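Line by line, the protein sequences are chains A and B. So the first sequence is numbered by this note's numbering: it starts at 1 and just counts up by one. So the second sequence is numbered by this note's numbering: it starts at 1 and just counts up by one.
None of these hints come from the bench; they were simulated from the model. Treat the numbers as computed from the prediction; the structure is a model and nothing was measured. Note that the Cβ used here is the ideal one computed from N, Cα and C, for glycine as well. Each statement offered as a hint is correct.
Only some residues are given here: those of chain A computed to face chain B with a beta carbon under 8 angstroms:
1. 166
2. 332
3. 333
4. 334
5. 336
6. 343
The list that follows gives simulated cross-link-like pairs (lysine to aspartate or glutamate, EDC-like), each with its CA atoms no further than 16 angstroms apart:
7. A:300 to B:94
8. A:13 to A:349
9. B:304 to A:349
10. A:180 to A:278
Across the chosen pairs, the derived CB separations fall in these ranges:
11. A:56 to B:67: 52 to 60 angstroms
12. B:297 to A:14: 41 to 49 angstroms
13. B:63 to A:143: 46 to 54 angstroms
14. B:63 to A:109: 53 to 61 angstroms
15. A:47 to B:292: 48 to 56 angstroms
16. B:171 to A:240: 39 to 47 angstroms
17. B:297 to A:188: 50 to 58 angstroms
18. A:244 to B:297: 17 to 25 angstroms
19. B:118 to A:51: 29 to 37 angstroms
20. B:132 to A:272: 49 to 57 angstroms
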Amino acid sequence: MQNPLLKKLDFEKIVDALLPVLATFAALAVGAVMLVLLGANPLQAYAAMVEGAFGSTNSLADTIVRATPLLMVGLGICISFRGGVINIGGEGQLVMGAIGATVVGLWLPEVPAFFVVPLAMLAGFLAGAIWGGIPGALKAYFNVNEILSTIMMNAIAVQFMNYLLRDPLLDPDQFNAASKIPQTARLVQAFDLPRLVPTRLHLGAGIAVVLAILVYLFLWRTSIGYRIRAVGLNPDASRYAGIDVKRYIVLSLLLSGAFAGLGGAIQILGVHHRMFTDGSAMGFTGSAGFNGIVAALFGKLHPIGTIPASFLFGALLVGANKLQRVMQVPSAFIIALNGLVVVFVVSSEIWSRRRSRRRMSMSETLPELDGSNKLKKPGETQI
Amino acid sequence: MITELLSLNVLIGIATSGIRLATPYLYAAIGETFGQRSGVLNLGVDGMMLLGAYAGFYVAFTTGNLWFGLLAAIIVGAVMGLAMAFISVNLQAEQGISGIGIYLFGLGMSDLLFQKTLGTVETVKGFRSISVPYLSDIPIIGEIFFQHNILVYGAFALVPLAWFVLNKTTLGLKIRAVGENTQAADSLGVSVSGVRYFTLTLGGILSGIAGASLSIALLNVFQVNLTNGLGFIAVALVYFGSWRPGGVLFGSLIFSLVNALQVWVQVLGIDIPSDIAVMMPYVLTILVLVFTVQRTRPPSALTKPFERGE
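Excised from the complex, chain A in its bound form (with noise of 0.2 angstroms):
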C-alpha cells in the first residue's frame, strides 16, 4: 500500500504545521524593523525576551503562569471556534468567572478548602457559561451576531466589575482607608491553589493540561463533540441530518464562556487571591482573552497544540517585561507585536488552503489518471 501519494501527504501535513511557525518569524523580523526605529538592538532584545522567559526556573515557573489563562480561553474557542461560533467575548468571560470565584471565597471564609475551591471553580465556570450563553441564544434564536454582542458583553462586564469593586465587594480596609483602591479583601490563604515547585507556578497550570485533554476527547470521541463539530463545517448538512443546530450554537458559546470563566476562577485562586480593576478588563485579565484566541489559531484549535502555543505566548508576555526592564522598550511593542503574529498567522493560511484545494482536485483526477481504476466499483479495488 505505499502510495506516493499519502508521502506526499504527510510532508504536506508537515509544511502545513510549520506555517504558523513561519509566519511568526515573518512577524518577529518586522518587530526587529521597529526594534530598530526604537534605537534598541533586535538581537540584545530578542534575546533578553527568551531570557526573560526560559533564563531560570522562576522565568519559566512565571512562563507556565502567565500561559494558564491563555490555554483556558484557548480551550473555549477550540469548542465555539470549531462550532462554527466566533467567540471575541474571552475577555468579559474571565472577569465574570473571576468574581464568581471571588464571590464564593470571600462568602464562605470558614468553610473547608476542599470544599471551597472546587465550588469557587465551579462558580467561575457557571458564571462564564451564562456570559457565553446569553451571545449564543442571541446568535441562534435572534440571529444576532456573535462578534458585536460578545464584544458588547466584554463592555458590560467591565462596568459590572467596576461597580462591585466601588462598593459592594470593596474591600472593609480600603473601605476605611482614604485611597479607596478598587480591590476586595484577599480570599484566606487556604483557599490559595498549592504551589507545585517552589516558584509561582501553582496548581492551576496542570488543571489547564488536563482539561485540555478532556477537550480533546470530549470534541473528537463524543457524539456532543462530533455533533458541534459537525455544525461548525456544515450547519445545513447537520440541518438535514436531524442535528438542533440552533441548540448546538448556543452550547458551543456557552461552554467557549465557561472554559474562560474557570481560567478566571484560576487567575483568582491561583495568583491574585482577590479581585481587583484598573477600569478596563485588561488591568485584570493582561489581555488573555484575545491573546488566548490568537494561541488557540496558533494551534490550529486543537486543544492539545493550543498546549505549546499557550506557552510560547506566556513566553512572549514574560519576555515583553524583561525587555522592558532592561532595554526600556515599552510593553506596548508586545501588544502590537502580538497583533502582527495575529494578522501574519490568519494570512499564512492561504498557503495551506491552496494546497489542500489542490490534493481534492488531484484525489479528483486521480482514477483517470490510472485507467484500469476507472470502470470499478468502490469496494472492487485490488492492490
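Could you slot chain B onto chain A? The hints should help.
Relative to the frame of chain A, chain B by itself:
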C-alpha cells in the same frame, strides 16, 4: 430628580452633547458601512482610530496646525486601510480574526509611539466651534445643531453623501454588486479587488478621521487606549443601521444621546451608580441588535473572500 433632568437647559445640553458625541461614531461607522457593503468585515476599526488619533494629535501638537494633524490622521488611516485590503483581498485571510490582529497592532503601536514621542498626556487647542450664520441664532435649535466645530458638521454631511454614493452612482452600484453577488459582478467585468481596495481604504481614512475627531476636536488629548472600544461600537452600529447610512445615523444618535444622558445624570449627581450608567449604551446596543437584525439581512458576500473559479 427627574424634574431636574427635564429642565430645558439640561435637555438642550443633552441634545447638544449628543450631536457632538455622535461624530466619531459617524465617521467610523459610515466608513465601515462601505467596507461591509462590498463584502468585507473590518474589525480593526478601533486600532485604526487609535493610530489616527495619535497621528492627528502628535502632528497638531508639534506643528501647531490642526489641519496638518487631520491630514496625518487621513494618511495613517489610508495606510491601515490598504493593509487591511491586502490582507483580506490578496491573502484572503479570515476577516474577523485579522481585524482583531489589526486592532491589537493599533492599540500597541499607538501606545508605543505615545510613550516614545510624548511620554506624558498633553493637550492641544482643538478645532474651534463655528456658529453657522443666522441658523445659530434660532433659539434652542441653533444652540443644539449649529454651534459645533468643523469635524462635527463634516460627520453629519457625510451621511447624505454616503447615501448618494451608495445608491445613486455607478460606483455605489458596483460596491453593492460586489457585496451581494461577487461572482456575477466579476463576470460582468467589475474589478472585485479594485472595489474592495477602494472601500477599505476609504474606511481606513474615515477611521483615521474618527480618531482625530477625538484627539483634536472633541477631547483634545491623546492617551493610551483613547477610544476605549469606540471602534467596536461603530462596527455594531453598522449592523444596527442595517447597512444603510440613514440607519447608521439613527443608531449613532441614539447611542450618543444615551451616552450624553448618562454623563448628565452623573453631572447632576442623580443617584445611579456611574458604572451602571456607563453600561447602559452597551445593553441598549444588544437590545436593538435583537430587534433590528432579525428583519434585515447582511450583504450576502460579507466575510467571504473572493477567488475566481477556474
